[in-house]
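Asks: Protein chains in written order, with the working numbering: chain A, 250 to 587; chain B, 250 to 587; chain C, 250 to 587; chain D, 250 to 587.
To be clear, the hints were calculated from the coordinates, so they are not data collected in a lab.
The reader is advised that the hints may include incorrect statements.
Copies of the same chain look alike in the list, so a pair counts if it works inside one copy or between any two.
[To be verified] Subject to a maximum C-alpha distance of 27 Å in a straight line, what follows is the list of computed BS3-like cross-link-like pairs (lysine-lysine):
| no. | residue 1 | residue 2 |
| --- | --- | --- |
| 1 | Lys449 | Lys297 |
| 2 | Lys368 | Lys398 |
| 3 | Lys297 | Lys394 |
| 4 | Lys449 | Lys394 |
| 5 | Lys394 | Lys317 |
| 6 | Lys449 | Lys256 |
Letter by letter, the chains look like this.
4 protein chains.
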Amino acid sequence: MIVEMAKNASREQVDHVVERAEFLGFEVQLNFGTEKTVVAILGSETGKTSTDIFAVLPGVESVSRVMKPYKLASREFNPRSTVVNVRGVEIGGPRVVVIAGPCAVENEQRLMDTASAVKACGAAVVRGGAFKPRTSPFSFQGLEKDALKMLSRVRTKLGIPVVTEVVDIENILIVAKHADILQVGARNMQNFALLKELSKLNHPILLKRGLSATVTEWLTAADYLLAEGNNQVILCERGIRTFEDSVRFSMDLSSIGVIKRFSHLPVIVDPSHAAGHSAFVPSLAKAAVAAGADGLLIEVHPNPEEALVDGLQSLNFPTFEKLMAELKPIAEAVGRSI
Amino acid sequence: MIVEMAKNASREQVDHVVERAEFLGFEVQLNFGTEKTVVAILGSETGKTSTDIFAVLPGVESVSRVMKPYKLASREFNPRSTVVNVRGVEIGGPRVVVIAGPCAVENEQRLMDTASAVKACGAAVVRGGAFKPRTSPFSFQGLEKDALKMLSRVRTKLGIPVVTEVVDIENILIVAKHADILQVGARNMQNFALLKELSKLNHPILLKRGLSATVTEWLTAADYLLAEGNNQVILCERGIRTFEDSVRFSMDLSSIGVIKRFSHLPVIVDPSHAAGHSAFVPSLAKAAVAAGADGLLIEVHPNPEEALVDGLQSLNFPTFEKLMAELKPIAEAVGRSI
Amino acid sequence: MIVEMAKNASREQVDHVVERAEFLGFEVQLNFGTEKTVVAILGSETGKTSTDIFAVLPGVESVSRVMKPYKLASREFNPRSTVVNVRGVEIGGPRVVVIAGPCAVENEQRLMDTASAVKACGAAVVRGGAFKPRTSPFSFQGLEKDALKMLSRVRTKLGIPVVTEVVDIENILIVAKHADILQVGARNMQNFALLKELSKLNHPILLKRGLSATVTEWLTAADYLLAEGNNQVILCERGIRTFEDSVRFSMDLSSIGVIKRFSHLPVIVDPSHAAGHSAFVPSLAKAAVAAGADGLLIEVHPNPEEALVDGLQSLNFPTFEKLMAELKPIAEAVGRSI
Amino acid sequence: MIVEMAKNASREQVDHVVERAEFLGFEVQLNFGTEKTVVAILGSETGKTSTDIFAVLPGVESVSRVMKPYKLASREFNPRSTVVNVRGVEIGGPRVVVIAGPCAVENEQRLMDTASAVKACGAAVVRGGAFKPRTSPFSFQGLEKDALKMLSRVRTKLGIPVVTEVVDIENILIVAKHADILQVGARNMQNFALLKELSKLNHPILLKRGLSATVTEWLTAADYLLAEGNNQVILCERGIRTFEDSVRFSMDLSSIGVIKRFSHLPVIVDPSHAAGHSAFVPSLAKAAVAAGADGLLIEVHPNPEEALVDGLQSLNFPTFEKLMAELKPIAEAVGRSI
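Given these sequences and hints, build the entire structure.
Replies: Given below as structure tokens:
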């Protein structure tokens, strides 16, 4: 941590900063410039310490970090890339893993049809929402536990892993029983009470990026999941909130390169929620694979016109099939398969 | 809802939109322009309906709302401004209600000292965090239930209402037992599972604005709280996430005017979390009162240097006292007291 | 344009809106809902009219557009995709056009070396800054007219077109004399005085997206360039300003799909300025090609360590050569060449 | 500047950073932590130097600033607050200066009526647009030089200073002849060619904040104006671009406190362009005065329904008069007059 003293800071104020840092067990080095004094506070634990502890002291102008605030998710902590194994499907390995299915589970037949269709096209995992966190209380909220059972039967019949969202602590165990990957939604990325409970599980977790979370905050949230030893964490970029209004969220594909540099965790991309419109999904899906994403999360519905949730952003079977065919040469162009 | 058809949309496509709307029970009026056909879908329930239901149909170019997606929180639904009564303290009435106290409860003596001090300066409610949702798992997470008991004893001794945050469903009842107002934090504004449970209570709720929530989304989240009949909802503006980096969050004071126009709910302002630095709190607090806020939520600590959480943004007793003295003439200038 | 009247609007207020619209020559259709009256104002010229003209009238709740505010840049106006021919290099055709070179021209030898190197790797156009709009007045401002002459000599020697930025009206003609494409920088996207002058030229213009411009505003700025008949406009996505701080700007690749749907103009991508760091450029460049971009604008410097401007985001010759090799199969995967 | 070396950086890489810094004339201090080496580069000129110069060197993880990138606009450079004297009206002194008038000059009679009305209510300066930078080329672009002459005659008749926008270098002298303050619009805040020319003048300049400019970038743009000795610079906050869609721009009143702390320049606030709707202007105007703004810039029109530009955000005479009466006690509450 680097503490910049104000131009007119007194020697006593500098000493006060030094004492505080040494009290906390850090090394300190002083840099006396002609205009300002700079105090370097060093040690591997400084990343875990709030900069406020020093910023609040008299005579301090500003404090900046040297160590990142996340640790367990960092590549410095674990230089080898993590591969999450979901019943034999490896996320973070050479294969680009496509997860596809309906936004919400609507009934068993439709789920089965969709799961079969996406599997036939090359999807490796099936998605389907059981608990639906909706912006409005008047919207369809999901079939909840009934949907979990449908997902469970589909995975048994088709032999394909399934992912679904968990929205509260109370339902963690039942979701974990029926699903292979537990998804934490964007709006819950900093629901720390939920993250702490999930951290105790030994189950793959898909952590969606919060809609206004920086990559640093996202990786720090991942630290919550990793804190109790669960290391099966998959990140999912799904677009961020910006001023742009032609799409629902602005897909931030630069996060792929940033995560690959600073973290060991695999990262997949959800083009459906970012675009908010099926017309823009294929372009973003292709871009994500070219950018180096480890997988995709794509909404598919047999008849988007009839979908109860997010039909506008869902691909139908023919467009999904076409997209999968188009993705294959791109995956190969970046040295991967699909 | 206004459905704009594409320039080359066929008559069959227009009819399809009309049928869908009529099937849902809406009135429809067709507008045939020289370039485009526009379908107006009318009725008081259209606000509750997703625009996607029409946007997904073939030949549709775009869909825009006429009715707002929130209903119960709207001034159209309830033209009279709501006043929330918290043990005799009215929020939304002529008095500007100042809520003050430490970010986190650290120990009982310090809480009592702070509560006494802020009460003596004119604060009407005491705040204190028991469960602390922290960005990093390595940060202090609050004294939890012990803190609730301390808050409870302070309110009994001083006869002043208290507010504290609730972070999960499991602890709703115990928080409701010890606190007069339950706060939903910014990161939980769209934790719909939590909101649904709180809606069943008969207890004032302070709903902080999500850090990237539009005012419309915020009022739609308030609809979740209001849906089961609890009408004691107080909104709290606390700054939004933007590109500006000289403060922690950009205080959006235009939300005060917007809410007063479109909603009947009272709205207070938290300058401490927005600023992130005590030096900027007084300026924002004064601005909030002048803008028409119904109250303020201010962090105060006997010794910010020693605070376990957010010391940098906390006022000490003398600066809080000075601010309260400065706020009084501003409140009077806008026809209120403090 | 759709004018939504307030719930309690009088018949006189509705009539007033109708009169105003008819006075402006528009068709009007009235929709009387049970709760609200909606006035549809139709006609191909409504897109050019400010919504404020109606929003300001008494009894009006809100006004929304049906027609987009841009016209000449729209695909409705010109359904066939525009191909800009720059001395034989087609931008917007099947070839993905790579434009490469130094951020700023530093001296003739270095420019010539760089131009030769990027041409050898497959770049079709050379870039080089002569006038440099810098955030700080203390930074290097470019070699100005000397740089223009160097660019001119390089294009003659190597037979390759060049692009450089024009920053004021005064220098338009001299820039047009020495360069094949005139670039309008992001900070000048809404410098309308400059756009109006450029509109009178018969010269390809590269219009960078403003750092906080929506796609709609960007296309409306393009309308300024197209207004006098110059139809040789190339758009350039270069990242938008968001809260994310791990890169300089957040690359918005969803704009590619949006532009391809709503506009006929070609669009290229500048990954260098978005990333701000050479480590992230290859990932974004590949993503852009996969997303359907018509070209790339990449900064290359023989020795980024020594660059006077933006060295951090410049590729050196070996990394550029490697990137070009990696881009080829991606271009082929999307049915194009490079 | 603080250079953080990567964990595995070699001693040679550290030495390379040191040599580069010493070559540029800076002092260097090395801090060897157990995990990382940190190089402190000190000296008053480091603020003017790009961080990229060091970030690009091998073995460097990141570089952060200690000195701010602006110098002349900083309070460190000039501890005394600047007061700009505009023909006897002091901006930055005890009086809150209200500048009011129409968005665009439409005709002389209407301008004179408006100027007289706002002067009678206490406005100290009259505004009126001559050159109008409009988002769409199809919108009214202003009366240009005719409007300048009208402004000139109004100031002579009423004895009140006037402000108008300058949009290009070509017209600087004529605008300076007819107006007392030259306004640089938000979209030109980083039109550095224009700023450089204005810097040569001895004339007050009103520098509006760019719509996505940080306060730091804004003050750095002010450095361009101050670089040639012109010290009559007034800043104007006018809202920033965010995701919020209920107002045109999000007014960032935290900038007032930040500027007062870090800069000596006066700062005024334009609530009209931020709100985009007259209903929200009074609340924001009052908040701005309470926050400590040195003045206001408010759009007033005799009949907003008839305004050619931005009628929706203009106050009419009675609402402006009412607002001025409401502002007076707020100004007094913060120890100022109006």
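Asks: Next step is simple, just say for each hint if it's right about the structure.
Replies: For each hint, the structure was consulted:
1. Lys449 - Lys297: within (21 Å within a copy, 38 Å between copies)
2. Lys368 - Lys398: Within. Shortest intra-copy distance 19 Å satisfies the 27 Å Cα cut-off; inter-copy 54 Å does not.
3. Lys297 - Lys394: For Lys297 and Lys394, the Cα distance is within 27 Å only across copies (25 Å; inside one copy 39 Å).
4. Lys449 - Lys394: both (22 Å within a copy, 21 Å between copies)
5. Lys394 - Lys317: This pair counts as neither: shortest intra-copy Cα distance 40 Å, inter-copy 31 Å.
6. Lys449 - Lys256: neither (48 Å within a copy, 31 Å between copies)
Hints 5 and 6 from the list above are not met by this structure, while the remaining hints are.
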